[in-house]
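Going down the list, the sequences are from chains A and B. Residues in the first sequence are numbered from 1 upward in steps of one, following my numbering. Residues in the second sequence are numbered from 1001 upward in steps of one, following my numbering.
In case anyone wonders, no lab produced these hints; they're calculated from the structure. As the structure is a computational prediction, the values presented were derived from the model and not from experiment. Among the hints, a few may not be true.
[Unchecked claim] Derived pair list, reagent style SDA-like, types lysine to any residue, alpha-carbon separation capped at 20 Å:
(1) B:K1100 to A:A196
(2) B:K1079 to A:P137
(3) B:K1231 to B:Q1256
The primary structure of each chain is shown beneath.
2 protein chains.
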Amino acid sequence: MISHSTSMGRHYRPTHLSLGMSLFCPRFPSALLNKDLLRYCLKIKGLPFHTEWINISAVPRFGSDIGVEKTNIGGQGIKAYTLPIIHDPSTGTTIAESFKIAQYLDKTYPDTPRIVPTGTESLHTAFRTAVSALESPIYAFAIPKTFELLSEPADREYFRNTRESFFGTTLEELTPTGDAATITWAKVKEAFSTYASWYEGGGKYFAGESPCFADVVLTGKVFWIRNTLGKESTQWEDVRKWDDGKWEKLLADFEQTYN
Amino acid sequence: MISHSTSMGRHYRPTHLSLGMSLFCPRFPSALLNKDLLRYCLKIKGLPFHTEWINISAVPRFGSDIGVEKTNIGGQGIKAYTLPIIHDPSTGTTIAESFKIAQYLDKTYPDTPRIVPTGTESLHTAFRTAVSALESPIYAFAIPKTFELLSEPADREYFRNTRESFFGTTLEELTPTGDAATITWAKVKEAFSTYASWYEGGGKYFAGESPCFADVVLTGKVFWIRNTLGKESTQWEDVRKWDDGKWEKLLADFEQTYN
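Start from the sequences, fold in the hints, and give me the full structure.
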């Protein structure tokens, strides 16, 4: 299933030149936080691209073959190859990590709408710290559920090993049950309530009338919850009602405008 | 010592009309987080003002008399009168809470440098969440030390009562000792290391070449630590060395440019 690794390497040439950039995403939907948000960034900027789907167990070899830098994981000095990765044939650049990619796109295509408005790099970095500090309760639900959605044995093994090592617990222990599930889900609600409290200034989006990286991150999180836990889940029914329907509305708005 | 309450009330008229706005600050230096930062905001904007010092035990009566809104404290739905308060005689406006005051000043004086650049209100709100999430270890050192600096019995009683109620512990229990002090101080260092990691984009300040609210908040925190723990303290000696001297340099820069 490592469909790209044979033709990759540092001399990678995309097969769909007419479609512009190659965006490499994990093959299973919403496997990892923030991985679909690059699609939004590219659509907002109106840049042509095509998506290539990579099995997650193939990511270490793929990252090494395509010659991208490893990404810092979780602030503990751990580095690993991660998706999304973007390859831009017009500059020959290959980059991993969503914020770095967004900044690259802003710099390289200055005539397109900015994802990280000028002067907001540092504020966006603080924003990401604030989001991360609140998101661990979401992991407790979405990570084990993601494992259930994987079918390839190699992917299941890779996912279990990397996540159990990162969280320092088995996937089964990570999953809250009974009262713990109720308490942890209440923390997810609280996290979203804090996220909602940040929207100031009266615009539709974080910075006014057009979406910026912060909007993309939060929308990506809602997308991830809906697709991982499922449209029919009681949890998604909850999320739809939170914060006066803000999250469902934001996601619907993005899907309508940028899909 | 409630020197202003007799002449205050909703019909407050400042005594120093020629000096522009009245900025009301707590009488003892650096008593509370973020309370001196309004001075920086007013200096950055070049707006004339004078400072009036209020004993903290007089704040509830002062706030009520001057007719300002109460401020949300700690996100638990608790409201109280807090300093700084600003009174602007040119519009008859009286406001409490540093971020609201900064936004008021930007709106009312559009020809002065913006403290909250257009489109960054939401990002600044997220920034404040991120800062707060990391600052409780600082409280453990600075709050008990602040108590030591108070001399008026009424102020000491007010400070003890309000802080012990807020933290749910006595000031003595709040103060870390022995190994706990070492561990808690390491967390203060970690908090500043995270704050330092936010500076992106290569400018001197958060948003480039001129300071914004985020810079003012972080500089205010350094100012508060230095003045509360003391220039001669071992802690200040530590802070000076952290993050390649960033914090001492930032504070020195602010004090040189805006004092």
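Structure-based check of all given hints:
no.	hint	result
1	B:K1100 to A:A196	18 Å, holds
2	B:K1079 to A:P137	28 Å, violated
3	B:K1231 to B:Q1256	17 Å, holds
Taken one by one, the earlier hints fail for this structure only at number 2.
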